[in-house]
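Per our numbering, residue 732 is the first one in the sequence shown, and the count goes up by one each step.
Calculated directly from the structure, the hints in this document are not laboratory data.
Nothing false has been slipped in among the hints.
Once the Cα atoms are required to be at most 30 Å apart in a straight line, the calculated DSS-like pairs of lysine-lysine come out as: (1) LYS880 / LYS858; (2) LYS882 / LYS858; (3) LYS874 / LYS858.
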Amino acid sequence: MLIDMITSLHERKLIKARKLDWILLGGNSSRLPLVTDMLAEAFFDGSKEKVLLDTENIKLGVTKGALLYAVAPEALPFPVDQVNHTLPCRVGLLMAGFQFDPIFERGITSTDLQATQERQLFLPVGKTNLRLYYYFGHDAVPKVLDNPKMKEFSVNCQQFSGQEMTAIFHLLPECAGIEVVLRGQNQETTQIVPILGMG
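Work out the full structure: start from the sequences and follow the hints.
Structure (structure tokens):
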């Protein structure tokens, strides 16, 4: 698939040459010698030294590696020097009908207009948490429940149980987290929640 992708980029003139400087493999791909051999043969005349491996950080390593070491920065949706500051996943809420309601899209930074989002929510009586979902897949309309590419984080909001509330989400610089401001009847809370999959 990677070979086909590079060939396609070259044919569409998004890269100047099919030849790469090197490739970074992350996660399961880095554990398969056959993959290393195949890529070395296809792009580097059999030289395995130019096929780099990162076995530690599967999700973020693959995302950043694919972007940071691209030979076609003009084909990326944002400048390659922003890669350490971009969101590596989609972040959203679970809405009626078990639908994923995206708050932040993958690839944005804290300086983008989309970095602050607001939702009007009702927290049913007895419910004490607002669940954020982090999606690392590529489906346009992802399944939220029982999806191995979906991670969940609970935001404590028990004081708003049974109330209407305004939830404001702000992406912090360098993707250090998400500031969540909850406003209800005569009360307000601010929490910083992590971005799952970072680091």
